[in-house]
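**Q** Protein sequence lines correspond, in order, to chains A and B. According to this note's numbering, the stretch in the first sequence is residues 1 to 293, in order. According to this note's numbering, the stretch in the second sequence is residues 1001 to 1262, in order.
Because the hints were derived from the structure by calculation, they are not lab data. Hints are not guaranteed to be accurate.
What the hints assert, rightly or not - Counterexamples of contact, computed for chain B against chain A with all Cβ distances above 12 Å: (1) Asn1049; (2) Val1057; (3) Leu1165; (4) Pro1231; (5) Tyr1234.
To be verified - Part of the chain B face toward chain A, derived, beta carbon under 7 Å: (6) Val1003; (7) Ser1006; (8) Arg1017; (9) Arg1080; (10) Arg1081; (11) Leu1087; (12) Lys1089; (13) Pro1090; (14) Ala1131; (15) Val1172; (16) Thr1207; (17) Glu1261.
Claimed, not checked - Label-pair restraints from in silico Cβ distances: (18) A:Lys113 - B:Arg1081: 16 to 24 Å; (19) A:Glu215 - B:Arg1081: 27 to 35 Å; (20) A:Asp135 - B:Val1208: 43 to 51 Å; (21) B:Arg1081 - A:Ser178: 22 to 30 Å.
We put the beta carbon where it would ideally sit given N, CA and C, even for glycine.
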Amino acid sequence: MGPANVVDNLTMAVEEGEIFGFLGPNGAGKTTTIKMLLGIIYPTSGEAFVLGKEIGDMNVHRVISYLPERPYYYEHMTGLELLKFYGSLFGLSDLEKYKSLLEKVNLHNDMHKPLSQYSKGMQQRVGLAQSLLNDPKLLFLDEPTAGLDPIAHTEIRDLILQFRDEGRTVFISSHELSEVERICDRVAIINRGKLERMGRLDDLLKGARVEIIAEGVTREAADKLKVGDSTVSHHDGRVIIDMSETEDTNAVIDGIRGANGKIVSVVPRRRRLEDLFVETVRTAPSATGAESK
Amino acid sequence: MRVILSIAATSVGEAIRRRVLLVILLAGLLLLSILPGLSVLSARGEAANLVSTMYFVLQGTSVLIAIVLAVYMIPNEIERRTIYVILSKPVTRWQFLLGKYLGAVFAVGLMMGLMTIVALVLFWISQRPDAGRLAQLAQGPFMFFVQMCLLAAVTIFFSTFVSPLVNFFLSVGMYLMGTTLNSLYDSFVKNPDVNPLVRLAGQAVTTVLPNFSYYNVSNPLIHPEVEIQNPLTYYVNVTGYGVIYIMGLLIAGILIFDRREV
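With the rest of the complex left out, here is chain A (with noise of 0.2 Å):
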């Protein structure tokens, strides 16, 4: 077996100041993107900026930061060690800045103990106070949320829509299609190395659906109601329609009618990113898994 392109003619651009979802499914490449961005790994041509300069620059390592999937600390440290310890690394000594920090991700209680002692959320806090050090303009976000509990769920959410209030742009890879959803403001999805969609949120959840639920309408007069994508299900004696709401909407309330049915509801339905996600990485011609460079 020859080396496979884990990442292949990736083209996209992040604006300033934003939340940027980079989503894909498991294997898809985001992580060896995010690491050939730190420079951790090399790419095998094309190039790639980070805040306007060459990858690997350490003039732009100051200004960047890194939270990876599942962060491991050296367990022997505390929490305020540890940020000691990140905080050398960048020339800083600044006592209070660490516990200043802390507080921020709500663990000035827990800065002496041990990190072997913190749970998964206290150690993606830690992780996030540690990214902060540098008061970075950038900031990588590797699966921040994944594994944590709904309350860790919250918190960290909060402190990234905080730091876009901060001014600060955040580059989020994450499988928590919900959360993105929430909180970023673009999206670009990536399946086997390639990007296959990309652009603002609202502008790719367009194209809304309707639900039009029915009464008393005979499968076959159901079936004539049919137009575009639309989709006909039939539960518990009531006709369900989905339909995208570009389709004539009108046409077949008066078909229902016409065929002595009875409206129950018409629903407008917003696509979730989850849809989008599903449709996008099942459909996309790198999915056929004919490639294999």
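For chain A, the structure is supplied; the task is to place chain B on it using the hints.
**A** Only chain B this time, still in chain A's reference frame:
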């Protein structure tokens, strides 16, 4: 420099908490502690025997500690992904590697220092030597320490491109060969009866491999009648040899590690 020292200090903190190293250290200390008792029981309860055995235990324990410690220093950072956060900071790979090396040296130094103190105290209790003799005996562990610095550099160098298991055997092999280089040199290079090609190969091997036997100066220390003509010059020369060799190994390691995907 601060970055390198921070990484080194963190590495020492990790190393002195590793159970396997503490077990080796404890075994070494235990052996050192029972040696004076065994020496009294031996037919020739000579101080020379005691010192010789203490040096042997100290050196053997130090070799194990140095190799086991250095073998896992970089692979552990990669496996636990701690290296990613460090390299995302303004830290270059050469700073990282140098910090890890210094961390290994400091940790080995700490453990060797502890063993040396225990050995000297026990020797003083059992033999009551004068201060001059004690100071002379402390030179042996110092040379072993330089030897361990060289061994740690060999191991760190290998760890930039081979797995820990392979590295362990390579490092042990290098050490064993390096401690017999003088004998090899005498047998092949100095011997006029040997085939010129074999002599040339012997010359190449003894030049390229690190000569660990330079640091085994225990004989003159154990037997004061055996003297090095100019001890100071000898110690400076072999320490200089070690430093140059260590620098060469670290530069080669940095060049490999710099392009390696972690």
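**Q** Confirm or reject each hint.
**A** Going through the hints against the structure:
1. Asn1049: 41 Å, holds
2. Val1057: 28 Å, holds
3. Leu1165: About 22 Å separates Leu1165 of chain B from the closest Cβ of chain A, which puts it past 12 Å; holds.
4. Pro1231: Holds, since 40 Å exceeds 12 Å.
5. Tyr1234: Non-interface label stands for Tyr1234 of chain B: nearest chain A Cβ at 39 Å, farther than 12 Å.
6. Val1003: 6 Å, holds
7. Ser1006: 4 Å, holds
8. Arg1017: Interface hint status for Arg1017 of chain B: holds (5 Å vs cutoff 7 Å).
9. Arg1080: Status holds, d = 4 Å.
10. Arg1081: Holds. Min distance 5 Å.
11. Leu1087: 5 Å, holds
12. Lys1089: Result: holds, 4 Å to nearest chain A Cβ.
13. Pro1090: Pro1090 of chain B check passes; min Cβ-Cβ to chain A is 4 Å, inside 7 Å.
14. Ala1131: 38 Å, violated
15. Val1172: 28 Å, violated
16. Thr1207: 35 Å, violated
17. Glu1261: 5 Å, holds
18. A:Lys113 - B:Arg1081: 16 to 24 Å: 22 Å, holds
19. A:Glu215 - B:Arg1081: 27 to 35 Å: With Cβ atoms ~57 Å apart, the hint is violated.
20. A:Asp135 - B:Val1208: 43 to 51 Å: 50 Å, holds
21. B:Arg1081 - A:Ser178: 22 to 30 Å: 26 Å, holds
Against the hints set out earlier in the document, violations occur for numbers 14, 15, 16 and 19.
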